[in-house]
Amino acid sequence: MKRIDGGLIDRDHPVDFRFDGHAYQGFAGDTLASALLANGQRVLGRSFKYHRPRGVLSAGSEEPNALVTLGLGAGSEPNARATMVEIRQGLEAFGQNGFPNVGFDLMEVNDLFAPFFSAGFYYKTFMGPKLPGWRVWERVFEPVIRRAAGLGRLDRTKTPIATEKAYAFCDLLVIGGGPTGLMAALTAAEAGADVILADEDHLPGGRLNGDRQEVGGQSGADWAAGIVAQLASMPNVRVMTRTTVTGVYDQGTYGALERVVPGRGRPEETFWRITARRAVLAAGGIERPVALANNDRPGVMLSGAVRTYVNRYAVAPGRSAVVFGASDEAHRTAADLLRAGVHVAALVDARPGATCDLTVRFHAGGLVEGVQGREVESVAIRRADGVLEKVQADLLAFSGGWNPSVHLTCHLNGRPVWRDDIAAFVPSEGAVPGLIPAGACNGEATTFACLSAGRDAAVQALANLGRQATPPDLPQAEDTAGEGRPLWVMPGKGRKWLDFQNDVTVKDVELAARENFRSVEHMKRYTTQGMAPDQGKTGNVAALAALADATGRSIPGTGTTTYRPPFVPVSIAALGAGGQGKGFAAERFTAAHPVALSMGAPMIEAGLWYRPSYFPKSGEQTWRESCDREVGYVRNAVGICDVSTLGKIDVQGPDAAAFLDFVYTNNMSTLKPGNTRYGLMLREDGHVMDDGTCACLGEGHYVVSTTTAAAGEVMRHMEFAAQVLRPDLDVRLASVTEHWAQTAIAGPQSRELLNEVLDTPLADGDWPFMACGEVSVGGIAARLFRISFSGEHAYEIAVPARYGESLFRCLVTKAEARGGGVYGMEALNVLRIEKGLLTHAELDGRTTAYDLGLAGMMSKKKDFIGRAAAGREGLTDPTRPRLVGIKPVGAVQQLTSGAFLFEPEAEATRVNAQGTVSSVAFSPTLGHFVGLALLTEGPERYGEKVRMVDHLRGVSTLCEVVHPAFLDPDGGRARG
Amino acid sequence: MRLTCPHCGERDLREFTFGGATLTRPEGDWGPDWDAYIHLRENPAGLSREYWTHDMGCAAWLLVERDTVTHDIRAVRPVGEGAP
Amino acid sequence: MRFNALRVLKEGLTGNRGWGPHWRDPEPKPAYDIVIIGGGGHGLATAFYLAKEHGLTNVAVLEKGYLGGGNVGRNTTIVRANYFLPGNSEFYSHSLKLWETLEDDLNYNVMHSQRGLFNLYHSDGQRDAIVRRGNAMINQGDDAFLLDRAALEKKLPFLDYDNGRFPIHGALYHPRGGTARHDAVAWGFARGASDRGVDLIQNCEVTGIDTEGGAVTGVQTTRGAIRARKVAIVTAGRSGQVAALAGLRLPIESHVLQAFVTEGLKPVIDNVITFGMGHFYISQSDKGGLVFGGDLDFYPSYAQRGNLPTVEHVMEAGMTLMPMIGRAKVLRSWGGIMDMTPDGSPIIDRAPVDGLYLDCGWCYGGFKAVPGSGFALAHLLATDRPHDSATGFRLDRFTTGRGLMDEEGKGAQHNLH
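Chains Y, W and P, in that order, are what the protein sequence lines are. Per the working numbering, residue 1 is the first one in the first sequence, and the count goes up by one each step. Per the working numbering, residue 977 is the first one in the second sequence, and the count goes up by one each step. Per the working numbering, residue 1061 is the first one in the third sequence, and the count goes up by one each step.
Heads up, a few of these hints could be off.
As the list claims (entries may be wrong) - In silico SDA-like links for lysine to any residue, alpha-carbon gap of 25 Å or less:
hint, chain 1, residue 1, chain 2, residue 2
1, P, Lys1214, Y, Ser76
2, P, Lys1157, Y, Pro132
3, P, Lys1470, W, Glu1018
4, P, Lys1215, Y, His22
5, Y, Lys582, P, Lys1215
6, P, Lys1326, Y, His22
7, Y, Lys582, P, Asn1223
8, P, Lys1215, Y, Gly75
The hints are simulated quantities; they were obtained by calculation from the structure and are not laboratory data.
Could you build the full structure based on these sequences and the hints that come with them?
Structure below.
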């Protein structure tokens, strides 16, 4: 193995890199595979099951063998295809699945036990012995199997990976930059269409870069480079190299992975969502290996890949080669090897009548039955006369034929169809709406046919878009393809690999057939054929042929082949770009957020919002101390709380009142301007969806509040009700949650404090409980609501969000001067539980108005959403769990949320369970724990004892069932 | 998937939310018609008439005719235009 | 033929020539006592338990395509018993017990691996909900532990506890939860049923359900008419179409759920991890692939494939939860057709046509239910009484509103699940 002359590598730019700790040098333009081959390194990996040494089979993304890990430790990348990795200065790569390394792997012993590791053997064993209390599968077999399986190793450190996602739009997406794709892109570009040309190689051109052939009077590679340069200079064309189109989705959406050229500030990878009005698939073909004995050995290589290494990378992948095929391409491979100075020990052409004009040993009608050696040392040739001849060689270049790259045409469930004349599957008609397969991926065999098909496909695609294209002249190119025939399974003994990566051999397929896994889907699943990283790109069709053989059926009679996205494996970091850290979901901050932060409040998530949990003061040891103090502010002086996260929906229109009657269970049309009412919404299935307040600001103008978590859902629900269910009503909705910063002022001194900030103080007797209206604060128009979620005399004041922070600071300062202060979510929760008020712990989507003691809020005089379904017998059954309060009455005084309730003496099992505890709090006001619970027949059981059991926390508490309003049940404090 | 909002033009699936089969809400108390409305579905494998909302866009509710096997979108109309 | 290590050894030494078909491929007979429509996990398990528990073997399973070709072969392989509502609780508990002896019962290694399952929580509210679930599990006699952050971090050091969008506070740990090799479950039940005399008929699509006087008399198929006294519809996402053959409409809407697997990796995730805030769940298969999934695409579909918004959401959830998997590459994605019921819980019941039975509505949780569902439906078919573990799965619960089992609290409306 050595460098030879020519090639598309840049010899002026040597590149140093390391593989398995050894230093090597290659050139810019090399892949890791070509550079290692040039350095004589043939073993790059180990196989999955038998740990056989593996070399390079291909020169593209279909590579099943040469998977390596890039980098070490944090940020290292397992399972990179050496055939796709461009070498760069300092690149460090490692072989995989070998211990201690891929050159010498102790696990290779597995290969000796291969007879016992037949397809599906693991379903038949590892089931015993059964030892009581000792799980032999989990303890013994599975760990051993897991350690042996897998390929690369994932580093567990949490290293950020720079990835991005992006959108792109075009008239025509051309997938693949070989002769077909270049011609399609050129045709469309010259017609003025917006074109994206995506090619997974860094150097577009496809086979033109790997073969020696002339296009338009120059080398194919030069012609391709010229067209690419021309395209790149056009403003309506985006040439995306290193970009693999990975998936097809509905309505012309394509996913594509770009491996970005390294550079400062650049991501490693970008995942593109490309929306294309039309697409031309010009993905080319993938060569098939031939199933012959030991065809997985390093030194066995696809014939086309050999040409690519010789012509493009200027690497001789062996010293002495046998070339085997059944088409003229084999001759081309032999010719290129000879030209590169590689000894061609034999050219074996399975076609009996074939002739050869090269000066090599030629075997027409011969077959290769196998190779010998750990790396290829000799090749066994069955000559046409039946004699088996062993030829010394270190390289076998073989071709079983070509599979059109139909993969993307399968992504919308298209099933490829078999073409007997070319012995291959081609895309079915119309498999992907708007996508035209052209060229080799559609079964074309010559360069000229591909150029022509690319041009025609672009013309057709543009015509579909109503655009006229003037087809450019086609360059002169190779236009004859000799007759070929496919080579599937060769005769002779030994294991013949179909799926190199997963170690599936012809014997495995035969065994599957014997065991009645005759459906191709069964065979694949039983043998794992096609399930490996290459997804059967090289092996699936040959496996189908082997199954057809084993079951006495034709290939199309046996089944078809199909592929799912992605076309090549795509990193989770690329598909999930932006999700790491806080990026997974939007973060919403209220206007007063900086105040809470400056006061040292721990923030907790409430939906997408952040809210302060409590506001610690120096000297306080636990959150409870802070919380108890804050509860005291509200109960004894005045507390300030940011309630901006609650949803606010503005409802306006002549029929707004009628509309609100329809979405709320209770009557809203009787609400007069300047008044607020508590409202309950059901889902149409009769269960409670949400609660909140509805304030009438004027005739036909309301603002309704929702809980923080349900704001989006309620908005969508109300829009549905307005647009779909009641289009007869003239009403408009707008979400104004972010527009207003809203602050609760709660406690006996709330009115006094409020009057300190209002431009016109509230007059005595004005603003009774549930009043609302406009006020002025520092010259700013504000909205004031006299509502309470604590049971105290309280207000909520809303100002435009930009004034929220300063008003909040001002209110907190003034409250502190009155012996009160700011309170957080913990205190808010205690305050509402003391009053028996509800949150989504009780409105959990399963409860009804009846369950929550709110049946009286369901108007009998009007229709409303959920009315009919709420009347079902099962929703009004008295034995349903219904809302009660509980308080501890025994030695144990602790209540816990999530606990279950039982009769005091009953065993704590499912059949005895009578309810669950939804919310608990320690009430500093009452000096004991208080809890809300849903208990069967609850309200009929006040005064009874129940036992609360929390198995998980080990708490068992005797409780008394009480009314849920522990404090001020008649509500005098809020009204006063 | 991409839908063409009659107000905003062609947009990606991520701007829309599916809202159920297009059925007519019954009147009156609970009965078989309500049961059918809330629970029973044709669940067609093929052409399906559905409500969607462009809730990340103009907030309009839309009538969509869509094939549940191919994901082909046959028509998108505002709910006001055409009976469910 | 019994499977065991000795047999594998002997066959290995003799060229593996002695292995025979795992199941027979009989021609359909003109009549059976019971016809099961659908040769997926649930249908095959029903056939197995009819034979094993009730001695009923004049039974045929009719499969449109190939055995195990539905959701049993396209899921994330999670097996657990961590429900909290009565009705579900006892059923999944029973199903898990069946899993625990399944390999003995089937003489087939389905690789049931009780590697433990973690449900993460991120707030006090979620902790309380998870505690309620855990207490329900213990009430039922199953296992659950509440882990705080420190305890969880010892077991799962690779999660991003602090920097993720939803910092992790702890988890509910279900040691008996785990995974199984999904295809093997279908094949094991198929082999067990076939060995006991049940006819498994592949490539046999049911095109009609025959009734006479309001009672089932048989089915029409692409392989001819088959008479039957009892017919069970066990066709998951296709339940609506098959039930329509008998003139029924079901409370089911079929949605697509996508799942993903990465390339093989050395052991890195030893348990099953569920990240509720991200609708994300992940485990690592014995072959080394990370198997994970997310939420529905949220539109009805029979395409068995989904779209990018959900794909990306799932991946983003993975990245915020455990950034280490960023370097793993997704190898394959697929979609299953989920038979979603309004309350998210299944139906095992007699249909309003005599002799017709329904087993459907498994939503996105049918895999772990395979043995339990087969066992319960076999019991119902054999005795016409629901099995004790499945009394809650009534069809009429939607009509009456009695016994709804809405674990997620999203409501008995299709468009809200």
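Here is how each hint holds up against the structure:
no., hint, result
1, P:Lys1214 / Y:Ser76, "holds, 24 Å"
2, P:Lys1157 / Y:Pro132, "holds, 15 Å"
3, P:Lys1470 / W:Glu1018, "holds, 21 Å"
4, P:Lys1215 / Y:His22, "violated, 37 Å"
5, Y:Lys582 / P:Lys1215, "holds, 23 Å"
6, P:Lys1326 / Y:His22, "holds, 24 Å"
7, Y:Lys582 / P:Asn1223, "holds, 7 Å"
8, P:Lys1215 / Y:Gly75, "holds, 22 Å"
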